[in-house]
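Chemist: Sequence:
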Amino acid sequence: MISVINKTCTILSFNSEARKMKDKNKTSGLKHKKEDTIYELDLFDILMDNILDSIYFKDRQCRFIRINRRMMQSLSIQDMSQMIGKTDIDMFGEEYGRKTLAEDLHLMETGEPIIGLIEKRKLKKGKFNWTSTTKVPLRNDSGQIVGLVGITREINEVMETEEALAYERDLLHTLMDNIPDTIYFKDKKSRFTRINKAQARLLGVDNPEDAIGKTDFDYFTKEFASNAYKDEQKLFKKGGPVIAKPEKIRLADGQFRWVSATKVPIISKGGKVTGLVGISRDITRVKQAEDRQVQLLKEIESANTELKDFAYIVSHDLKAPLRGIGSLAEWLSTDYKDKFDEDGKELLDLLMGRIKRMHNLIDGILQYSRVGRLREEKEEVNLNELVKDVIDMIAPPENIKITVENELPSILCEKTRIGQVFQNLLSNAIKYMDKPKGKIKIGCNEDEKYWKFSISDNGPGIEEKHFEKTFQVFQTLKPRDEFESTGIGLSVVKKIIELYSGTIWVDSKIGEGSTFYFTLLKKVKI
112 MISVINKTCT ILSFNSEARK MKDKNKTSGL KHKKEDTIYE LDLFDILMDN
162 ILDSIYFKDR QCRFIRINRR MMQSLSIQDM SQMIGKTDID MFGEEYGRKT
212 LAEDLHLMET GEPIIGLIEK RKLKKGKFNW TSTTKVPLRN DSGQIVGLVG
262 ITREINEVME TEEALAYERD LLHTLMDNIP DTIYFKDKKS RFTRINKAQA
312 RLLGVDNPED AIGKTDFDYF TKEFASNAYK DEQKLFKKGG PVIAKPEKIR
362 LADGQFRWVS ATKVPIISKG GKVTGLVGIS RDITRVKQAE DRQVQLLKEI
412 ESANTELKDF AYIVSHDLKA PLRGIGSLAE WLSTDYKDKF DEDGKELLDL
462 LMGRIKRMHN LIDGILQYSR VGRLREEKEE VNLNELVKDV IDMIAPPENI
512 KITVENELPS ILCEKTRIGQ VFQNLLSNAI KYMDKPKGKI KIGCNEDEKY
562 WKFSISDNGP GIEEKHFEKT FQVFQTLKPR DEFESTGIGL SVVKKIIELY
612 SGTIWVDSKI GEGSTFYFTL LKKVKI
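The working numbering numbers the first residue of the sequence shown as 112 and each following residue consecutively.
For the record, the hints were derived by calculation from the structure and aren't laboratory data. Quantities reported herein were computed from a predicted structural model and do not represent experimental measurements. Treat the hints with caution; some may be incorrect.
Listed below are the simulated DSSO-like cross-link pairs for lysine-lysine, each with C-alpha atoms no more than 30 Å apart in a straight line [what the hints assert, rightly or not]:
id, residue 1, residue 2
1, K300, K349
2, K300, K233
3, K552, K526
4, K359, K349
5, K210, K233
6, K374, K409
7, K345, K409
8, K620, K548
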């Protein structure tokens, strides 16, 4: 009798003599016993050949003495005789064979079984095979170890699943420990069950494990912790998430920070809420920017009020005495000019010119202050008709020709303002024209979002270093005694264009002329 002893010393036995009896004369007097033994062996053969695990027996020299059908299939051999008498070195090569040989010899010397040994074996074509192997000693009737029996089960699916899970865990660990946002998990009692490094820094702990089992009450103010606890308990009862809730927290170093907190329930397969996962993003800079924006809006509102007051002062308190000075100068010119010498007449003319310039400056200031303050109803305006009306109103001199190069669009706008844009740009081109035959061209093209307009001339041109200065308030590129200008016209144009979310710029070459470009949104905000 040969018995197989497993780890718990349970005897797994089969009768070796019975196999010999199978080949003896069937007419023996032990017929009944023989039939039982044959039946037992048949059951054993059926088990061996139909079990899904690979089963093999080895002698004391670690040679195979029997294998089952599953093992033959896994090794792609047709006949058991191909393995009988061979070792693992013969079948699987030196490296793997010597490893298993050492294990088998140790087992047969000590009687210590090998239970659930996980192995990854490289197959042909770069594939791998995961197995779980158990080996136990094979003993005879005297209890001596005469070999071993091994059972090997393929666990590829299990190991692939474990590897996939391990990969997912690694991804989660990498994400949690490198993302700047704080991430934490809590149970239904609002105790931390896991946190990432960012959350650990927020809590003021060196090791994330130190926070496990603790609550917000251990780290934050009572007021903050109480509010957070109420939100979380409400989440556990109703299952609804907390999304991007602004929270002001006090850090371990005493500083205050603003965070945007999102918390969602963790729901089991059975549909029960078992905890929550929270993500908090530091929005301190955003809140500071919002506060600054509110402050700036207040300052802008205050500045607008002051601008209105200033416009009132300009229109009433400055214009009134200026009108008086103008009337006095006209009276002197009418009644006493013939009594002045040439120097006196020149000074009187200079005074009249300065009064006119002052009037124009005051009107320009008022005009600039009204942009963005006084609004009119937007309407669909045909720019072809609007530009024609502007040209007629300007009445350019005969030596200057204004042409519209292509069809202009109809846009939704404030008619007076857009008319002022074309009027100021055309007037500017006419004013500085230095050629005997002046040419001014108006063009337009489009892209997906904007209309792009251009007004070009063949005038004196502008140096590149003055491009930005051109649009600044009270800036003129020629002395005012040569060209009477307030320096406000192009500033007004820039302000109007920017109110319409557009941009304006100039391109120019000295002696060749200038082109002013500006864009207007196709879809104007009403």
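Chemist: Given the hinted pair K300 and K349, is their Cα-Cα distance within 30 Å?
Modeler: 15 Å, holds
Chemist: Next pair to validate is K359 with K349; report whether the Cα-Cα distance is within 30 Å.
Modeler: 25 Å, holds
Chemist: Does the structure keep K552 and K526 at a Cα separation of 30 Å or less?
Modeler: Within the cut-off at roughly 21 Å; holds.
Chemist: Given the hinted pair K620 and K548, is their alpha-carbon gap at most 30 Å?
Modeler: 18 Å, holds
Chemist: For the pair supplied as a hint, K374 and K409, is the alpha-carbon distance within the 30 Å limit?
Modeler: 35 Å, violated
Chemist: Could you grab the alpha-carbon distance between K345 and K409 and see if it respects the 30 Å cut-off?
Modeler: 39 Å, violated
Chemist: For K300 and K233, compute the direct alpha-carbon distance and say whether it is at most 30 Å.
Modeler: Not satisfied, since the Cα-Cα distance of roughly 49 Å exceeds 30 Å.
Chemist: Does the structure keep K210 and K233 at a Cα separation of 30 Å or less?
Modeler: At roughly 14 Å apart (the allowed maximum being 30 Å), K233 and K210 satisfy the hint.
Going down the numbered hints, you'll see the structure goes against 2, 6 and 7, while the others check out.
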